[in-house]
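Heads up: the sequence lines are chains B and H, in that order. Its first residue numbered 1, the first sequence is counted upward by one per residue in the working numbering. Its first residue numbered 1001, the second sequence is counted upward by one per residue in the working numbering.
To be clear, the hints were calculated from the coordinates, so they are not data collected in a lab. Do not rely on the hints blindly, as some may be mistaken.
[Stated by the list, open to error] List time: in silico SDA-like cross-link candidates among lysine to any residue, alpha-carbon distance up to 20 angstroms:
(1) K247/B x R1105/H
(2) K140/B x L1076/H
(3) K1093/H x L1046/H
(4) K247/B x Q1101/H
(5) K1109/H x V244/B
(6) K182/B x L155/B
(7) K247/B x L1046/H
(8) K277/B x S197/B
(9) K140/B x S1099/H
[Stated by the list, open to error] Pair ranges (Cβ atoms, derived):
(10) I316/B x A1102/H: 17 to 25 angstroms
(11) K1145/H x V157/B: 43 to 51 angstroms
(12) I319/B x R1137/H: 31 to 39 angstroms
(13) L1157/H x K148/B: 46 to 54 angstroms
(14) D1078/H x K247/B: 48 to 56 angstroms
(15) D1100/H x P161/B: 40 to 48 angstroms
(16) S1044/H x L330/B: 47 to 55 angstroms
(17) L1119/H x K194/B: 36 to 44 angstroms
(18) L149/B x T1146/H: 54 to 62 angstroms
(19) I316/B x L1039/H: 21 to 29 angstroms
(20) D1100/H x L320/B: 32 to 40 angstroms
Glycine is no exception: its CB is placed at the ideal position from the N, C-alpha and C atoms.
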Amino acid sequence: MLGYIIRRVVAAILVVIISSMFVFAIFFLGPTNAAAVICNQNGRCTQERQALLEHSLGLDQNVVPAYGEFAKGVFVGRTISTGPGAHYDCSAPCLGISYVTKEEVTELLKDKYPATLSVALVGGVVYLFLGCTLGILAAKWRGTTTDKLLVGSSLIVSSIPYYLVALLAWLFLVNEFNLFPKTGYFPITDDPVKWASGLLLPWLVLGVANSPQYARFGRGSMVETMSEDFIRTASAKGLPRNKVLFKHGLRAAIVPIITIFGLDLAALLAGTVFTEKIFDIDGIGKWGLEAIPVDLPVIAATVLVGAVLVVAANLIVDILYSFLDPRVRLA
Amino acid sequence: MTEVLHAREPQPEALPTSDSDPFLVVENLTVQFPTHDGLVQAVSDLTYCVGLGQTLGIVGESGSGKSVSSMAVLGLHDEKRTRMTGSIRIAGKEVVGASDQAMRRIRGKEAAMIFQDPLTALHPFYTIGAQIVEAYRLHNHVNKKTAKQRAVEMLDLVGIPQPDRRVDDYPHQFSGGCGNAR
Ligand SMILES: Nc1ncnc2c1ncn2[C@@H]1O[C@H](COP(=O)(O)OP(=O)(O)O)[C@@H](O)[C@H]1O
Ligand SMILES: [Mg+2]
Chain B
1 MLGYIIRRVV AAILVVIISS MFVFAIFFLG PTNAAAVICN QNGRCTQERQ ALLEHSLGLD
61 QNVVPAYGEF AKGVFVGRTI STGPGAHYDC SAPCLGISYV TKEEVTELLK DKYPATLSVA
121 LVGGVVYLFL GCTLGILAAK WRGTTTDKLL VGSSLIVSSI PYYLVALLAW LFLVNEFNLF
181 PKTGYFPITD DPVKWASGLL LPWLVLGVAN SPQYARFGRG SMVETMSEDF IRTASAKGLP
241 RNKVLFKHGL RAAIVPIITI FGLDLAALLA GTVFTEKIFD IDGIGKWGLE AIPVDLPVIA
301 ATVLVGAVLV VAANLIVDIL YSFLDPRVRL A
Chain H
1001 MTEVLHAREP QPEALPTSDS DPFLVVENLT VQFPTHDGLV QAVSDLTYCV GLGQTLGIVG
1061 ESGSGKSVSS MAVLGLHDEK RTRMTGSIRI AGKEVVGASD QAMRRIRGKE AAMIFQDPLT
1121 ALHPFYTIGA QIVEAYRLHN HVNKKTAKQR AVEMLDLVGI PQPDRRVDDY PHQFSGGCGN
1181 AR
C-alpha cells in the first residue's frame, strides 16, 4: 500500500511538472505579446518602452531559461525585476507577480481560493445528494410514472447548457425579481450569514443543473445492483425491502458514483468559471479567465492549481476505492 | 444442476402444522414472465409436496424451471414482472399472492434457500460473518456477540477450517465453493 502510494505520488508530481511546462510554453510562445498589451494600456507606447518592458518581464528570454526561473521561484523563491532598476523579492512558493496588478500571484491565489472552494464544495455536495436521491427513487420505482417523469425531466434539464441556466437564474431571480440576495463572495470568517446568502443561488444553480447527470448515473448503478444475485440473497433472508435497497443495494451502487464524484469535484475545485463569472464571485475561475491572454503568471498559477487538484483527486479516489471495495488490492 | 428441497425436523419453536397437510405443498404451480418477445412459460402445472424430515431432489435439464419454481416457494419473483397461478403452502400458509410483509417472516426462517454460486450470491462488501449474523438476528432475538458465535459454529459445522478466523473474511477470500482456505 505504502509503495503504491509513493509510486503514485511520484507519477502525480511528474504529471504536474509536465503540464506546467506545456502551459508555460503555450502562453510564452503564443501570439499575444504581453509587453505590447501592457505598454498600450497607458497610451503612449514607444518602441523603446515596449522593449524595456519585454526585458523586465523576461519575455525577451528563451522559453527554457524563463521556465527555469519560474520553477526556481516555486521552490526557493526569486528576485523579479519590475521595471528598469526596480526589483521585487518573491519568496517561495513564488508563482511570479501579476503583469497587470503587480501583486504576488501566491498572495492573490490565497485571496481568491476560498471563494472557489466555497462554491465548489457546497455546490458539489448539493448535486451529489440531489442527484443520487432522485436516481435512487427512480430506481426504486422503476417503470412507474414517477420514474419516467424523473428520467424525462432530468433529460430536459441536462440538455440546457449550464451557462444559460446560470445566466437566466441570475437575470430573473436576482436582477429582475430580487427573489435572491445579490450574489457574491464574502468570507465566511467575517459573516457566515452573508457568506451563505451571497452563494445561495450559485449553489442551487450548480446543484440543480448538475444533478441530472447523477440522477441518471445513480439510477443506472442502482438498477444494475438490484439485479445482482446478492440482492436476491438479501431478500431470501427475510430482510425488509428498504434494508435490501439501502444496506445491500446502495452500499454497492454508491461506489462507482463516489469515484465519478471525486474526479468531478476536482474539476470544480480547479475553478467554477461560468458560475464565478455570471454570479460575480471573485474566485480563481473568474480570475484565470480574466487573465487570458496577457497575465502569464496568473494563467500559469491557475492551471497549476487545476493540475495538482485533478491529479490529487485521482490518487485519493483510487485509495478510497480500496477502502470501499474490499476486493480491490492496491499494488 | 439440481434443486434440493429439505424440510427439517420440527424445532421446538416451529409453528405447528396441521397433520393433514405436509410441510410444503406446491399445487398446480404455473410461473410465467411477460417479456417484450411474448410470454415465457417457465413452470407449468407443477405439483409436489415435502413432509417434515423428507428431502426432495428436483432434477432436470437446464432451463426446465428448477430455479424459477424454487424461487417461487420463497416468493422471490418480482410480482410486477411475474404471473403466478396455483398454490404454494408452507406450514399451511399460502405464498402465492402473499404480501412482502408476510413473506419476510417465512423467508430465512421456515423456508430458506442456498444459492448456486457463493461468490455472486453473497454481498462482496460485507464479511461472511456479518451476512450470517444479519440473517440469524432477523429471526432470533439475540445480541451480536451470540449471533457471531452461532455463525462460527455454523462455519465449523460445514467443515470450514479455522472458522473463528474465516468468519471475518470477505466472500472473495474463499476459493470456489469447497470451503478450503486458499
Ligand atoms: N425473469 C425471467 N424472465 C424471463 N424468463 C425467465 C426469467 N427467469 C427465468 N426465465 C426462463 O425460465 C426458464 C426456466 O429457468 P430456470 O428455472 O432458471 O431453469 P433451471 O431449471 O436451469 O434452473 C428458462 O427458460 C429461463 O430462460
Ligand atoms: Mg437453475
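Exercise for the section: Assess, step by step, whether the Cα of K182/B is no farther than 20 angstroms from the Cα of L155/B, and give holds or violated. Expected result: violated, 30 angstroms
Exercise for the section: Determine whether the Cβ-Cβ distance between K1145/H and V157/B falls within the hinted range of 43 to 51 angstroms. Expected result: Since the Cβ atoms of K1145/H and V157/B sit about 50 angstroms apart, the hinted range of 43 to 51 angstroms holds.
Problem - Consistency of beta-carbon spacing, L330/B to S1044/H, with hint 47 to 55 angstroms - result: Given range 47 to 55 angstroms: holds, Cβ gap about 52 angstroms.
Exercise for the section: Verify the proposed pairing of K247/B with Q1101/H, using a straight-line Cα cut of 20 angstroms. Expected result: holds, 18 angstroms
Practice task
Mind checking the hinted window 54 to 62 angstroms against the Cβ distance between L149/B and T1146/H?
Solution key: violated, 47 angstroms
Handout entry: Consistency of beta-carbon spacing, K247/B to D1078/H, with hint 48 to 56 angstroms
Key = violated, 19 angstroms
Practice task
Evaluate the given range 32 to 40 angstroms for the C-beta pair formed by D1100/H and L320/B.
Solution key: holds, 35 angstroms
Exercise for the section: Note whether the CB distance of D1100/H and P161/B lies within 40 to 48 angstroms or breaks it. Expected result: holds, 44 angstroms
Problem - Pairwise beta carbon distance, I316/B to L1039/H, judged against the given window 21 to 29 angstroms - result: Violated, since I316/B and L1039/H (Cβ atoms, about 50 angstroms apart) do not stay within the stated range.
Exercise for the section: Indicate whether the distance between the beta carbons of L1119/H and K194/B respects the range 36 to 44 angstroms. Expected result: violated, 55 angstroms
Practice task
Please work out if K277/B and S197/B have their alpha carbons no farther apart than 20 angstroms.
Solution key: Roughly 17 angstroms between the alpha carbons, so the hint for K277/B and S197/B holds.
Handout entry: L1157/H versus K148/B beta-carbon gap, inside 46 to 54 angstroms or not
Key = At 49 angstroms between Cβs, range holds.
Hint check: violations occur at hints 6, 7, 10, 14, 17, 18 and 19; the rest are consistent with the structure.
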